[in-house]
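So you can see what is in the structure, the chains are spelled out below.
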Amino acid sequence: MEHFVGIINYIIFFAVTAGTYGILALGLNIQWGNTGLFNIGIAGFYALGAYTSALISGLPPSAWEGRTFGGFQLPFIFGLLGAAIVCGVVALLIGMPTLRLRADYLAIATIGIAETIRLVLNNESWLTNGVWGFQQIPSPLYKTIHGASSAYLHSHPNLPIWIHDLIAKSYDWFYLALVLVVLFILYLIMERLVHSPWGRVIRAIREDEDATAMLGKNTFSFKIQALILGAMIMGIGGSMYAHYARFISPISFKPLYGTFIIWVMLILGGSGNNKGAILGSFVVWGIWAGTDFLTKYLPFSATQSASLRVILIAVSLEVILLWRPQGLLPPKKQLFTLK
Amino acid sequence: MTTLARIPQLLVYGIISGSILSLGGIGVSLTYSILGFSNFAHGDFMALGAYIALGLFTLFTGLGIPNTRFGPLSFGFGFTVAFILAIALTAIAVILIDRLLFRRLRRSGPIILMMSSIGVALGLRNILQFFWSPQPHYYTQMIQRAVSLPALGIRIKPDEVFIIATAIVLVVLVHSFMRYTKMGKAMRAVADNATLAQVTGINTDRVIIWTWVIAAGLAATAGILSGIENKFITPELGWQMLLSIFAGVVLGGIGNPYGAILGGMVIGISEEVSTAFISTGYKPAVAFVIMIIMLLVKPTGLLGRKN
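Just so you know, the protein sequences line up as chains A and B, in that order. Taken in order, the first sequence gives residues 9 to 347; the numbers are from this note's numbering. Taken in order, the second sequence gives residues 205 to 511; the numbers are from this note's numbering.
Since the hints were made in silico from the structure, they are not lab data. Where hints are given, some of them may not hold.
[To be verified] With beta-carbon atoms standing in for the labels, derived distance ranges: (1) 434/B <-> 110/A: 47 to 57 Å; (2) 340/B <-> 110/A: 54 to 64 Å; (3) 86/A <-> 350/B: 13 to 23 Å; (4) 444/B <-> 110/A: 38 to 48 Å; (5) 209/B <-> 309/A: 14 to 24 Å; (6) 80/A <-> 335/B: 42 to 52 Å; (7) 369/B <-> 100/A: 40 to 50 Å; (8) 350/B <-> 80/A: 31 to 41 Å; (9) 219/A <-> 399/B: 40 to 50 Å; (10) 100/A <-> 269/B: 16 to 26 Å; (11) 309/A <-> 303/B: 39 to 49 Å.
[Claimed, not checked] Computed list of lysine-lysine pairs in BS3-like fashion (alpha-carbon distance at most 30 Å, straight line): (12) 502/B <-> 225/A; (13) 225/A <-> 262/A; (14) 361/B <-> 262/A; (15) 151/A <-> 304/A.
[Stated by the list, open to error] Rough simulated footprint, nothing fancy, chain B against chain A, three-plus residues with beta-carbon under 8 Å: (16) 113-120; (17) 258-271; (18) 324-331.
Quantities reported herein were computed from a predicted structural model and do not represent experimental measurements. Every residue, glycine too, gets a C-beta built ideally from N, C-alpha and C.
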């Protein structure tokens, strides 16, 4: 039973991370799965959300942090909303010059904004604390819940060890529930939206933009709205990550973990299907975590094993594109195209 | 030194970096116009070329093939042979990737191809990391003396003259190929209208192979030249340049190889000159901002036609 705490920690960490990825995949599903917008700068919005939330809810600059701005110590919910709003504004700025053009331009511009955000995080120490990042980002209700469980354990010293461990981890259980609730609420909103008249228009744009425009819809405006909405959800994902990890730095948001893996999750799960997006997140994160375990038995160095895992993910993407491009859960109803 | 006095030297650096970006950009532009998608693996084709050259050069040195330096340059016979073979091998590798993946996905449309190219990019980069580690590798440890030209206020190394000269020669070669050979004309025809070209009896599959030969060959060259300029290579070298390359291609007019050359040069020079005013770390952001401004003013680019 000594490993019990380790196992609980791992399960919670796994589920919180997969749930956070589920949020990001829902955001991408609105952009790509429903509207056909090719955003390959998810990492940028993810990071922007995390940093914004940390600036709004986090500690003010102190002696050991190099920054001179931010740290308003507002409650978590303000951080979450702030993250969504800032990401939405940046998406608007990116969408304006690119969404009237071919899909390639949005792709290039989203890579560009992700890279620019990364450079700002690294270089503007007054705002972001540079490569050191933010530490001690407060988790919502931490003191209340952790305090209560500590007090309970203190007054019940003779509990069996496994019950003791379960209770000692009560804050992590709470955060897991929080992530899943946020994921579920976003899922319900997305389902409502996708099946609304608005959702029918954006799916029509994905199928045939010219035909949709011919029906009198302002496709540019709908595409901007979908891009902004997706980016706001990604910002919420970033916020959820920051307040769980409690420490963020520019390397937390590299393109591999921040963008590429989310694409694989959505495509594997089924682009255009919100359930598929969430399923894909858990499956791909499961494979990713599982291979971490497996590579320990291979005769390679740690960096080589890391490369092998990425190669595996890249190969899986190609295999899905070649043989099952619709993913595990394809969207139920396909619209008729005019082609 | 005052900011103004540094400008001539920064212009030289800009032309060197612009030469490399232009060579990378021609390939991106050709694959865009002929195959119809933005190839995000192009940067990693550059890295692949640079590492194949490194592998061959190491092999040659091990076999005792002499590398007597050419005059003032930092490399000689052995490296030159490795350079040329690496160009050929990169082209072959890229054609194999096309047969294995891109050709099968061509019917799925440009976005699926783009997505597939991102998978290729990540896969290639990690294959290089697997065999060579993410740490830098050195073509040479030699420190080359720069030649000072006080009248112009600049210093330049013999290797850097070689880089600029190679870029000029290759641009002239590509231009002649596109303009005067049958294959070059066929390529331009496919770029203009693929269906029409096919109807007139042009073998589009051969055109595609030649497109990859030129794109991959120039990518390998750009990767190796960046290794000669920086003295070291990493698996991320191409990925780090990709945003600047795309910015150059969009600036010049996506799909137009001449635009890619002009755009690459403008981006290279702007990035270097910007370091006189803002942090060196922001070079790729400078490229990005220039690209966004171009998209707002004239999305078809400097040399692009009206859509």
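Hint by hint, here is what the structure shows:
1. 434/B <-> 110/A: 47 to 57 Å: violated (34 Å)
2. 340/B <-> 110/A: 54 to 64 Å: Violated: the Cβ-Cβ distance is about 37 Å, outside 54 to 64 Å.
3. 86/A <-> 350/B: 13 to 23 Å: At roughly 55 Å between Cβ atoms, residue 350/B and residue 86/A fall outside 13 to 23 Å, so the hint is violated.
4. 444/B <-> 110/A: 38 to 48 Å: violated (25 Å)
5. 209/B <-> 309/A: 14 to 24 Å: violated (48 Å)
6. 80/A <-> 335/B: 42 to 52 Å: Between residue 80/A and residue 335/B, where Cβ atoms are some 48 Å apart, the hint holds.
7. 369/B <-> 100/A: 40 to 50 Å: holds (46 Å)
8. 350/B <-> 80/A: 31 to 41 Å: violated (51 Å)
9. 219/A <-> 399/B: 40 to 50 Å: violated (21 Å)
10. 100/A <-> 269/B: 16 to 26 Å: violated (58 Å)
11. 309/A <-> 303/B: 39 to 49 Å: Given range 39 to 49 Å: violated, Cβ gap about 32 Å.
12. 502/B <-> 225/A: Holds, at roughly 25 Å.
13. 225/A <-> 262/A: violated (37 Å)
14. 361/B <-> 262/A: violated (35 Å)
15. 151/A <-> 304/A: violated (37 Å)
16. 113-120: Satisfied; 6 residues make the cut.
17. 258-271: That given contact holds, which follows from 3 residues of the segment 258-271 of chain A lying within Cβ reach (below 8 Å) of chain B.
18. 324-331: holds (count 4)
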